[in-house]
Amino acid sequence: MPSLLEVKGLKAFYGQTQSLYDVGFDIPDGGITTLLGANGAGKTTTLRAICNMVRTEGAIRFAGKDVVGMATEEIVRLRIAHVPEGRGTFTTMTVDENLRIAAYTRRDKAEVAAERDRVFGYFPRLKERIQQQAGTLSGGEQQMLAIARALMLKPRLMLLDEPSFGLAPLIVVEIFRILRRINEEEKVSILLVEQNAALALELASHAYVLETGRVVMSGPSDVVKNDENVRKSYLGY
Amino acid sequence: MEQFLQQLASGLANGAIYACVALALVMIYVSTDHINFAQGEMAMFSTYISWQLMSWGLSFWVAFILAVAISFVFGVLIERIILRPLHNAPLLSVVVVFIGLLAICNSVAGAIWSYLIKEYPSPFPKSSFGIAGVIGPHQLGVVLVTLIVLSLLFVFFRFTPLGLAMRAAAQNPQMARLVGVRVDWMLALGWGLAAAVGAVAGIMVAHIVYLDPNMMGGILLYAFASALVGGIGNPGGAVVGGFIVGVLENMVAFTGNQIEKATGVYIIGNGEKLTVALIIVIFVLTVKPAGLFGRVVVKRV
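Residue numbers (our numbering), protein chains in the order written: chain A, 33 to 269; chain B, 2 to 302.
Think of the hints as simulated: they come from the structure by calculation, not from any bench. Check each hint, because a few of them may be wrong.
Said to hold, decoys possible - Residues from chain B shown here face chain A by an in silico Cβ test under 8 Å; the list is partial:
(1) Leu165
(2) Ala166
(3) Arg168
(4) Gln172
(5) Gly181
Heads up, the beta-carbon is just placed ideally off N, CA and C, and yes, glycines get one too.
Make the full structure from the sequences, and use the hints.
Okay, structure coming up:
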């Protein structure tokens, strides 16, 4: 399978502090890949580096195009949807406005309307709350809104930062089930960052393990799952 | 009663001006957290531009529209050229730049058009406009024009994709970038719109206060008070705040006059209305620090 996203020798800096040293991975077109690692390993930074939200060095190619140094909003327009840590809800806007702003870059009105219906198919609860102020939604609903908003961009690649964060286990299961459907039905490739390694390894076909800004292990999820170190450090058995 | 209505009408007309300038201040504040001290002088400059266009023979409304459009372009350019490089500068540097801008606008206007006070025409016909004894033609016109401008802005921000993108950029710039909004341009557009709204205020008030390079000084102060009363982060609040402050100052003077007439004791009159109005503003802010319609921002530490 051809790679949709290729990352090589990625370094990232917050001011003077370097937080990624040498991160490299490939995301196959149509697949789900996960980045695992402890707090501070550089998972979120890696996602932010892809969208040039931190200072980066190295090579990032998306669909064959070099995106290092491009402005965040231009990278997004290549149809990379980033669902950030903390969900990035526009809290004082309605659910409807949150979805409309996501389609801001698109000119194909008819298709946007169709997309909207499909998104409501995945998240019927959002349709019920369409005129509600987004800040008043529950955490699970806001996560759904964040994913729905990402879908409105008609992404080829979706970057998901801790979608399970702070949510009840049942909601998490529901959201992960929807993510699998989105991957299969919408042909969206997914790069998933997740603290919950067991859950992530179940969803993803490939996994990369980060430690202090470096990739220390990678492979198909089944292999990574059975690695002794991964089991001890991240799966807890 | 007739006098009361007249005072009320004149309060509403002044309030409409304050509302416009306050809205211009708030539009820049919500997207950048900065108060543009030069907003009033920029509006004054715009008013001179319209005066210049009229003296070249254009009709009032053509000059009005052209001046507002030119102000919009100037606003965008000021953001792109002067403020863009200060993106990460400390707050005080930005404040100094605003004050510099204020001084520059003022002295350039003085240099080009002189500091002599000029008369400025009213576009509203005396014969067919206004209600005799209640509201004068210019006052009614000012209120109508402001209401039209404010409604247009409301529709723009509420219903158009660009307006939505500007709100998104103001509220959460990072997330706005992540949905593809060109946030830097949205800031520049915000500056352009603020300058344009300020221009409307300047052109509308010039007939009342006459045209001179210092005409907007007091008005900026009132607008600032209006924005604070309404809640500095709330555009709707700023507009309501403008009308409240405008009516309030006239009511203060009116009450003072009535008391003097009834008892012969002079307590407050026209001279003190600014002071009293500002005292009331301070009082409101001690009771509701976030303004009447503002929201208290709670930050997690």
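Hints versus structure:
1. The restraint placing Leu165/B at the interface with chain A holds, with a minimum CB-CB distance near 5 Å, inside the 8 Å limit.
2. For Ala166/B, the interface hint holds, the least distance from its beta-carbon to any beta-carbon of chain A being 5 Å, beneath 8 Å.
3. A cut of 8 Å between beta carbons decides the hint on Arg168/B: the least distance to chain A is about 7 Å, and the hint holds.
4. The interface hint given for Gln172/B is met, as the beta carbon of that residue sits about 6 Å from the closest beta carbon of chain A, less than 8 Å.
5. Satisfaction of the interface hint for Gly181/B is found here, the shortest Cβ-Cβ separation to chain A being roughly 4 Å, below the 8 Å cut-off.
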